[in-house]
Amino acid sequence: MTPEIIEKMFPNPLPSIAEIEAKYPPRQLPEGAKVMRVAPSPTGFMHLGGIYQGILADRIAHQSGGVFFVRIEDTDQKRKVDGAIDLIIKSFERYNLVPDEGVNLDGSEKGNYGPYTQSLRKDIYQAYAKKLVEEGKAYPCFCTAEDVELLRKVQEKTNVRPGYHGQYAKCRNLTDSQILENLNAGKPWVLRFKSTGDYEKKMAIKDLAKGMLLMPENDLDIVILKGDGLPTYHFAHAIDDHLMGTTHVSRGDEWVSSTPLHIQLFAALGWKAPKYAQLATLQKLDNGHKRKLSKRHDPEASITYFWEHGYPELALVEYLTNILNANFEDWRKANPMAPITDFQMNFNKISNTGGALFDFVKLNSISKDVVARMTAEEVYKAVLKWAQEYRPDFAKRLTDNQALVTAALNIERGIGKQSRKDIVKWEDVPADLAFYFEDSFEAHPELLASYERADVQAIVSAFAQVYDPNDAKDIWFNKIKEIGAQYGFCADMKAYKANPSAFKGNVSDVAKILRVKITGREQSPDLYAIMQVLGKESVLKRLKG
RNA sequence: GACCCUAUCAUCUAGUGGUUAGGAUACGGCCCUCUCAAGGCCGGUACACGGGUUCAAGUCCCGUUAGGGUCGCCA
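Heads up: the first sequence runs through residues 8 to 552, numbered per my numbering.
Just so you know, the hints here were simulated from the structure itself, not pulled from any lab data.
Incorrect hints may appear among the rest.
Okay, derived cross-link-like pairs now, DSBU-like style, lysine-lysine, Cα gap no bigger than 30 angstroms in a straight line [stated by the list, open to error]:
1. Lys213 x Lys85
2. Lys201 x Lys144
3. Lys129 x Lys87
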């Protein structure tokens, strides 16, 4: 192609390749250090998979003494949404995935390998595109979207593998004069990669997540520069990950089939491709069929779903970590209180090759354990943060009653195995705490319908008489037993079981009567502790009510 | 249609030629117990199917079936 044509294609001044490469020197890192990134698109939707990928990249990079960075892939101007970059940054921040380099919330950047936003790198892509044209490795294509669509239809009809390849690559062999003519006529064009691949040949690709892959070489002349001059994913990936020094690319396995193309692209640019770890995407069970978690159909595909429902950040991270490296569970068992960043993430332990089902049952179980490991103060803070965002009314209740709420959250919050595990997510808390407050306490006398009214009244008033908030727990309990015995409820479980018909009931019935009066529920945490939290006034009021 | 990947309990998985096929979650039972939760103990449930190779196959090979993914000027 003549310099004249090339100048026509790239009329704007571009940095020279030497200039660019000088700005991106190889990183000086210790032996074995890995440089990894996450590269989300600012579409206004933060996919759960982004966090999944982020956990892997952050851990592997940081545990190897390397670098973790975030790159914003905004080359599709049509899908760009305001505020989307904020959402991305906040999402990673929320899960404590801290990039060493990338975009900050205020729009500034950190790191020496930027810009980290692709739309700001247009000149760089163009410079390399121009170089490929000069070397005869890329060519302008004047086919319209309709032309390409038509081609695909013809290929389908004639049973030919679809795509812009071989004899179907119409613009591949345009003469200089044809190109010039089209350019002069102002015809829109895209830049295509002139593939040298042979589809009949296989290439072996080592994937860190999937193992050895045997793939046909790519022979598609894919678009590398779109009509608006911005690169496609493929081209931007090769250039950015080279310049930014990415050593290991982790991404979803929807990219597996284009990996031969990417390796080819790196080679055409004279570079070595990074290593790939292409993870199976999270799945969901739908009508008995597994399928990819879908942005359109599954609310839980969006990270904000977990914010709204108040899942502890650590719970989600632990759950996803376990899908990445299933030996996490054993590690957690052995190190119950260790920070999760201590867990050594390992490419070799990636087990999810087929696509794991996202399992809320398991997530909930992990979440319960996470919450149980927290102190009451930590739970209070986390619930407050959630409530301030999603339940302002409840947030006010929390701040107005911090001491009471913390005390309530502290009930049976023991060490290790004895701790209470009934909070899965912060969303559960308002209902759990409702009975502590006079305005949301609901009396439910009907729960006592199976007892004689007179017995209930007698027991309640007898207890109200002897109730002393200063009693130790055993004294308190003895009082309950004695009152029960007085009205025909056996105080001794063994005796009761030996001859149940001799009694109206046993001490658990007495406790139930008091529990229902005081909490409005048949089930509650330790009643003694609840009464301590409520205080004498409140307890007596409910007993009389 | 073409290409690629995957296949162990309901779910996530351990397993790299010789295992009573292990764990976790879920489920069921018992114990503990003022209810619930938690905890402890016990239990059932799996190598998709069919052929090979081998003294020996969950593990290796081939096929079938089933699932997933990709074939865009989206990423």
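For Lys213 and Lys85, compute the direct alpha-carbon distance and say whether it is at most 30 angstroms. violated, 34 angstroms
Need the status of pair Lys201, Lys144: alpha-carbon distance at most 30 angstroms? OK: Lys201 and Lys144 at ~5 angstroms, within 30 angstroms.
Between Lys129 and Lys87, is the straight-line Cα distance small enough, at 30 angstroms or below? holds, 16 angstroms
Hint violations for this structure: number 1 only, all remaining hints satisfied.
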